[in-house]
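**Student:** Modelling step: build the complete structure from the supplied sequences, incorporating the hints.
Number of protein chains: 2
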Amino acid sequence: MSVRLPTLDEIHDAAARIAPHAVVTPVWRNASLDALTGAALYFKCENLQRGGAFKFRGACNAVWSLTDDEAACGVVTHSSGNHGNALAMAAATRGIAAHVVVPEGAVRAKVEAIEQAGATLHRCAPTIAAREATAAEVQQATGAVMVHPYANTHVMAGQGTLVLELLQQSEGLDTIITPVGGGGLLSGCAIAAHGVKPAIKMHGAEPAGAADAAESLARGSRIEHFTPNTICDGLRALIGESNLTALREHYVEVITVSDEETIAAMKLLWQNLKLMVEVSSATAFAAVLKQRERFAGRRVGVVLTGGNVDLDDLPW
Amino acid sequence: MSVRLPTLDEIHDAAARIAPHAVVTPVWRNASLDALTGAALYFKCENLQRGGAFKFRGACNAVWSLTDDEAACGVVTHSSGNHGNALAMAAATRGIAAHVVVPEGAVRAKVEAIEQAGATLHRCAPTIAAREATAAEVQQATGAVMVHPYANTHVMAGQGTLVLELLQQSEGLDTIITPVGGGGLLSGCAIAAHGVKPAIKMHGAEPAGAADAAESLARGSRIEHFTPNTICDGLRALIGESNLTALREHYVEVITVSDEETIAAMKLLWQNLKLMVEVSSATAFAAVLKQRERFAGRRVGVVLTGGNVDLDDLPW
Chain Z
980 MSVRLPTLDE IHDAAARIAP HAVVTPVWRN ASLDALTGAA LYFKCENLQR GGAFKFRGAC
1040 NAVWSLTDDE AACGVVTHSS GNHGNALAMA AATRGIAAHV VVPEGAVRAK VEAIEQAGAT
1100 LHRCAPTIAA REATAAEVQQ ATGAVMVHPY ANTHVMAGQG TLVLELLQQS EGLDTIITPV
1160 GGGGLLSGCA IAAHGVKPAI KMHGAEPAGA ADAAESLARG SRIEHFTPNT ICDGLRALIG
1220 ESNLTALREH YVEVITVSDE ETIAAMKLLW QNLKLMVEVS SATAFAAVLK QRERFAGRRV
1280 GVVLTGGNVD LDDLPW
Chain R
980 MSVRLPTLDE IHDAAARIAP HAVVTPVWRN ASLDALTGAA LYFKCENLQR GGAFKFRGAC
1040 NAVWSLTDDE AACGVVTHSS GNHGNALAMA AATRGIAAHV VVPEGAVRAK VEAIEQAGAT
1100 LHRCAPTIAA REATAAEVQQ ATGAVMVHPY ANTHVMAGQG TLVLELLQQS EGLDTIITPV
1160 GGGGLLSGCA IAAHGVKPAI KMHGAEPAGA ADAAESLARG SRIEHFTPNT ICDGLRALIG
1220 ESNLTALREH YVEVITVSDE ETIAAMKLLW QNLKLMVEVS SATAFAAVLK QRERFAGRRV
1280 GVVLTGGNVD LDDLPW
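Line by line, the protein sequences are chains Z and R. Terminal number for the first sequence in the working numbering: 1295, no gaps in between. Terminal number for the second sequence in the working numbering: 1295, no gaps in between.
Misleading hints may appear alongside valid ones.
Stated by the list, open to error - Pairs of lysine to any residue, SDA-like flavour, derived with a Cα cap of 20 Å: (1) R:K1246 <-> Z:A1088; (2) Z:K1246 <-> R:E1091; (3) Z:K1246 <-> R:Q1250; (4) Z:K1246 <-> R:D1292; (5) Z:K1176 <-> Z:L1146; (6) R:K1246 <-> Z:L1293; (7) Z:K1269 <-> Z:S1011; (8) R:K1246 <-> Z:T1154; (9) R:K1246 <-> Z:D1289; (10) R:K1246 <-> Z:Q1095; (11) R:K1269 <-> R:N1009; (12) Z:K1246 <-> R:N1009; (13) R:K1180 <-> R:L1143; (14) R:K1246 <-> Z:P999; (15) Z:K1246 <-> R:E1150; (16) Z:K1246 <-> R:W1295; (17) Z:K1246 <-> Z:P1294; (18) Z:K1180 <-> Z:I1202; (19) R:K1176 <-> R:R1227; (20) R:K1246 <-> Z:L1146; (21) Z:K1176 <-> Z:H1204; (22) Z:K1246 <-> R:L1290; (23) R:K1176 <-> R:H991; (24) Z:K1246 <-> R:V1086; (25) R:K1246 <-> R:G1017; (26) Z:K1246 <-> R:D1289; (27) Z:K1246 <-> R:P1177; (28) R:K1269 <-> R:E1240; (29) Z:K1246 <-> R:Q1095; (30) Z:K1176 <-> Z:I1210.
Since the hints were derived computationally from the structure, they do not count as laboratory data.
**Tutor:** So, in structure tokens, the structure goes:
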């Protein structure tokens, strides 16, 4: 499914549209982690976003971009957790229905949050095919508008708004790194960053066990079939076609990290920032640690994408 | 050991003295936790203080209150963790030696931090008598100045500085609650709060398994012997004589909570604030949850005292 990429203007529009609802998340510095990496790190704390993840930005922009007629039947999506929760919360801000297709095996804390936000849950098998089929059924039965987690112009535009903030909250960033799963975040961020400051180098961080974006970039064509094997529940999706196009157009380099590296990075973030960051989020910092020489001496924006953790099932 | 209580002026002096070194920690609000308690909660995030705990305030004030001659032989203390780390870090800001007596069984993460801060460690048995005896030996051998964790005028004054900040960062607080162990924090905070705003009601929160402050207040005389039995490693100390006097003079009420209540409160704090708070710190919020009717409808300052957690040994 190919969708149009958003423009910088659309990302600015998205920022205005979500402003009444979303949090302008803080950017944190940490002397110990700077010393450890040799870089000046600017942590964009999206774990402190409404719903505990950046996903609220894209979902909120999508919900408030609907006409009243479109909005009347509500919205539907499939999500392993954070996007579903975000869409449920965004729908609630507009008073419309939300249907969320949740694969078996999703993080319990995230599923509970979706229910608490008032969405209707639809369970399915933990495959991308099952997720898409179930979402299509719900869409047909209810007339709800599909808000895809990443292959959606409004969603990408919404995610990109965090870079507009980050550039205002920091000084002279040389590079920005975000985790990459479906690529909605990274594509929106790349468009926003280069729209404002073309010299910024964009990086993605991907689990070695779900490295379809890195491999698709390397071989020059999109991998279409793929079984993820990673603890990073938020990064198991296949990168979207348009999202991959955006990564190519913006010369994004993707760094892969093992789950062990990610878990070690997660612990370091918790210990030093005193901030809860979920495992998928820690891939970005893991990549900075792993490829120290790429980042040392530079000003690096590190996007901490979420903080929704099942405290009874920590990865160490 | 009776020591003089600090005055409000001395707490203001302490604030000026530590300003070049300490963090003005943020105050966080949270809609979900407000809804849960029916109160307007103002979380003073001392887990984001230098060294990850409020203790840096008192230690820093003590270190920088020394004359050059006094400072030359360094400082010594006994501590289950946070005060030792704070004193080591404070000594480093002045370039003087720090000796820390650490009881066996202290939280590993805290002991490691003390070593990293450059202090000399001295191990002892996990009893208050052994701690005091070992500290006295070190003091005699080195000439270092003893900086007691709580029975020390400068330490109490330093801890009280957090209330000066909290009152500026919030509006119209009705009450403030802090955990109570030795009572250095609570006594300093009570003096500061009533110096600025006499109508504020002060509360302490104490583990049921270390409820010597509550019992001493109830029976009208200080308990002198006592074996703590609580998971709250930072709150096992016997309340100091002067600290108890301050609690009496300021009509402080102490609420006791079980370890189970504290652990549940700790989880709620982590899940909602996305902030790591150590178990001792969670007693204050546990007390607000337990005695909901005391706090509902009020503006409550809740001091989150520290965030130094051993991630491999979480209490749930």
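**Student:** Indicate, hint by hint, whether the structure satisfies it.
**Tutor:** Hint check results:
For the hint linking K1246 (chain R) to A1088 (chain Z), the alpha-carbon distance of about 12 Å falls within 20 Å, and the restraint holds. For the proposed pair K1246 (chain Z) and E1091 (chain R), the alpha carbon gap of about 15 Å is at most 20 Å, so the pair holds. A C-alpha spacing of about 17 Å is found between K1246 (chain Z) and Q1250 (chain R), which places the hinted pair at or below 20 Å, so the restraint holds. Restraint check for K1246 (chain Z) and D1292 (chain R): satisfied, since their Cα atoms lie roughly 13 Å apart, inside the 20 Å limit.
Distance restraint check for K1176 (chain Z) and L1146 (chain Z): the Cα-Cα separation of roughly 9 Å lies within the 20 Å cut-off, and the hinted pair is therefore satisfied. Distance restraint check for K1246 (chain R) and L1293 (chain Z): the Cα-Cα separation of roughly 13 Å lies within the 20 Å cut-off, and the hinted pair is therefore satisfied. Proposed proximity of K1269 (chain Z) and S1011 (chain Z) is supported: the alpha carbons are some 17 Å apart, at most 20 Å. For a cut-off of 20 Å, the pair hint linking K1246 (chain R) to T1154 (chain Z) is broken: about 35 Å separates their Cα positions.
Under the criterion of a C-alpha separation no larger than 20 Å, the hint pairing K1246 (chain R) with D1289 (chain Z) is consistent with the structure, at around 10 Å. For the given pair, K1246 (chain R) sits about 18 Å from Q1095 (chain Z) by alpha-carbon distance, which is consistent with the 20 Å threshold. A distance of roughly 18 Å separates the Cα atoms of K1269 (chain R) and N1009 (chain R); the hinted pair therefore holds under the 20 Å criterion. The suggested pairing of K1246 (chain Z) with N1009 (chain R) is violated, with an alpha-carbon distance near 25 Å, which exceeds 20 Å.
Taking the CA atoms of K1180 (chain R) and L1143 (chain R), the gap is about 15 Å. The hint holds against a cut of 20 Å. For the hint linking K1246 (chain R) to P999 (chain Z), the alpha-carbon distance of about 30 Å lies beyond 20 Å, and the restraint is violated. Only pairs whose Cα atoms come within 20 Å are accepted, and K1246 (chain Z) paired with E1150 (chain R) is rejected, the gap being roughly 36 Å. For the given pair, K1246 (chain Z) sits about 17 Å from W1295 (chain R) by alpha-carbon distance, which is consistent with the 20 Å threshold.
With a C-alpha separation of about 10 Å, the suggested pairing of K1246 (chain Z) with P1294 (chain Z) holds against the 20 Å cut-off. For the hint pairing K1180 (chain Z) with I1202 (chain Z), the CA-to-CA distance comes to about 24 Å; that exceeds 20 Å, so the pair is violated. A C-alpha spacing of about 17 Å is found between K1176 (chain R) and R1227 (chain R), which places the hinted pair at or below 20 Å, so the restraint holds. For the given pair, K1246 (chain R) sits about 34 Å from L1146 (chain Z) by alpha-carbon distance, which is inconsistent with the 20 Å threshold.
Under the criterion of a C-alpha separation no larger than 20 Å, the hint pairing K1176 (chain Z) with H1204 (chain Z) is inconsistent with the structure, at around 35 Å. Distance restraint check for K1246 (chain Z) and L1290 (chain R): the Cα-Cα separation of roughly 8 Å lies within the 20 Å cut-off, and the hinted pair is therefore satisfied. Among the hinted pairs, K1176 (chain R) with H991 (chain R) is consistent with the structure: their alpha-carbon atoms are about 14 Å apart, no more than 20 Å. The straight-line distance between the Cα atoms of K1246 (chain Z) and V1086 (chain R) is roughly 17 Å, inside the 20 Å bound, and the hint therefore holds.
About 19 Å separates the Cα atoms of K1246 (chain R) and G1017 (chain R), which keeps this hinted pair within 20 Å; it holds. Distance restraint check for K1246 (chain Z) and D1289 (chain R): the Cα-Cα separation of roughly 10 Å lies within the 20 Å cut-off, and the hinted pair is therefore satisfied. The straight-line distance between the Cα atoms of K1246 (chain Z) and P1177 (chain R) is roughly 43 Å, outside the 20 Å bound, and the hint therefore fails. This hinted pair checks out: K1269 (chain R) and E1240 (chain R) have alpha carbons roughly 8 Å apart, not beyond 20 Å.
Proximity of K1246 (chain Z) to Q1095 (chain R) is assessed by CA-CA distance (about 18 Å); at most 20 Å being required, the pair is judged to hold. Between K1176 (chain Z) and I1210 (chain Z) the alpha-carbon distance is near 34 Å, which puts this suggested pair outside the 20 Å criterion.
Checked against the numbered hints given earlier, the structure breaks hints 8, 12, 14, 15, 18, 20, 21, 27, 30 and satisfies all the rest.
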